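Protein chains in written order, with my numbering: chain Y, 1 to 129; chain H, 1 to 184.
Simulated from the structure, these hints should not be mistaken for laboratory data.
As the structure is a prediction and not an experimental result, all values here were calculated from the model.
Here a beta-carbon is modelled for each residue, glycine too, at the ideal position from N, C-alpha and C.
It cannot be assumed that every hint is accurate.
Taking lysine-lysine and the DSS-like style, the derived pairs with C-alpha atoms no more than 27 Å apart in a straight line are [unchecked claim]: (1) Lys63(H) - Lys28(Y); (2) Lys63(H) - Lys108(Y); (3) Lys3(H) - Lys6(Y); (4) Lys154(H) - Lys3(H).
Pairwise CB distance ranges (calculated) [claimed, not checked]: (5) Gly161(H) - Leu4(Y): 20 to 30 Å; (6) Ala58(Y) - Glu47(H): 45 to 55 Å; (7) Trp98(Y) - Gly64(H): 16 to 26 Å; (8) Gly161(H) - Ala25(Y): 37 to 47 Å; (9) Gly161(H) - Leu84(Y): 49 to 59 Å; (10) Gly45(H) - Gln32(Y): 19 to 29 Å; (11) Glu160(H) - Thr9(Y): 15 to 25 Å; (12) Lys46(Y) - Ser165(H): 46 to 56 Å; (13) Glu122(H) - Trp96(Y): 55 to 65 Å; (14) Gly157(H) - Phe78(Y): 41 to 51 Å; (15) Thr31(Y) - Thr162(H): 27 to 37 Å.
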Amino acid sequence: MDNLEKKLTELLSDDSDLAGRVDQAARKEMTQMIFEKFELDMFKVKVVFWIFLAVSAAMMVGGMIFLTQEKGVRGMLFAAVIALIGYNSTILMKLWYWVVSTKLSILKELKQMQLQMAELTGKESSGKD
Amino acid sequence: MRKSRAQIYDELLVIKCQQGDREAFNELVGRWQKRLWHYAYRLTGSEPSAWDIVQETWFAIVKGLAKLDDSAIFPAWAFRILNNKCADWLRARHLQSRLNDQLAEQAQEEPDNGQDDSEKAESLRQAVQRLSPDSRALLELRYHEGFDIAQIAKIMGVPEGTVKSRLHRTLEQLRQIVERFENG
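Let's have the full structure, built from the sequences with the hints guiding it.
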């Protein structure tokens, strides 16, 4: 890093000109809006998941009921296909949910472990100093 | 490359947010809002616009957070969104051409003689402010936010070679202006 780059780093790292400009009220209001958006999006994901699961389950149950009541071969085949689609969709949704939640749980555990190791390493090196 | 505790903690917060943890999201916003706002403000120079851009950026982050595969790329990803929003804003305001004109004017101006260190720093600050928004963004990302070339390339959506050449060109431009100030 040459002299100009060092000067630039010092200059751009100096936030003193911006310190007084951060409007705390605007910041608080915006944080609230972002938080509401996050909650709304989380709610939407949950709703879509449960609607999809309910539709899949309804297809499966409805298909089974029609299959037992239908007399014609074509009708029985149609009902069986619907039931199978519903059955598979239900399984796939649950599988997807399990895969995603397990992946995130493992990643979270790994990061927590990494964080603890970093903290321990930091303590050890500061202890040596 | 060894990650700092802050980086690992940010990654942990991103993962928790993907799990739907409200408190983690609140903390993530708290940790990143100021940095994002400063960047937006430095590029736009307008306080309310910087808030609007940061808000839009957060909305985009909320929308795309679940699809983010690697939590480690969150900083570069967030800054890429912010950079695009700033670019949209600047394009809308036609600031690019105006600032380029200012830069050309600045290059023709004769600098004052006998400046001390603080005046030199002020000259450098003014020179940075007169750069094009793209160059300013590049300097902010490199020397303020501390991103490496690969990360800046991802943020700006250009190849690494382009970032290197732009950075070199911008530094040369600044060096010339500073030399002119120093030589009087």
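Results of checking the hints against the structure:
1. Lys63(H) - Lys28(Y): 21 Å, holds
2. Lys63(H) - Lys108(Y): Distance ~21 Å between Lys63(H) and Lys108(Y) Cα, so the pair holds.
3. Lys3(H) - Lys6(Y): 23 Å, holds
4. Lys154(H) - Lys3(H): 19 Å, holds
5. Gly161(H) - Leu4(Y): 20 to 30 Å: For Leu4(Y) against Gly161(H), whose Cβ atoms are near 22 Å apart, the range 20 to 30 Å holds.
6. Ala58(Y) - Glu47(H): 45 to 55 Å: The hint (45 to 55 Å, Cβ to Cβ) holds, given that Ala58(Y) and Glu47(H) are roughly 53 Å apart.
7. Trp98(Y) - Gly64(H): 16 to 26 Å: 23 Å, holds
8. Gly161(H) - Ala25(Y): 37 to 47 Å: 45 Å, holds
9. Gly161(H) - Leu84(Y): 49 to 59 Å: 53 Å, holds
10. Gly45(H) - Gln32(Y): 19 to 29 Å: Holds - the Cβ-Cβ distance for Gly45(H) and Gln32(Y), about 26 Å, lies within 19 to 29 Å.
11. Glu160(H) - Thr9(Y): 15 to 25 Å: Holds - the Cβ-Cβ distance for Glu160(H) and Thr9(Y), about 21 Å, lies within 15 to 25 Å.
12. Lys46(Y) - Ser165(H): 46 to 56 Å: Hint holds: Cβ distance 48 Å, inside 46 to 56 Å.
13. Glu122(H) - Trp96(Y): 55 to 65 Å: At roughly 57 Å between Cβ atoms, Trp96(Y) and Glu122(H) fall inside 55 to 65 Å, so the hint holds.
14. Gly157(H) - Phe78(Y): 41 to 51 Å: Since the Cβ atoms of Gly157(H) and Phe78(Y) sit about 50 Å apart, the hinted range of 41 to 51 Å holds.
15. Thr31(Y) - Thr162(H): 27 to 37 Å: 35 Å, holds
Taken one by one, the earlier hints all hold for this structure without exception.
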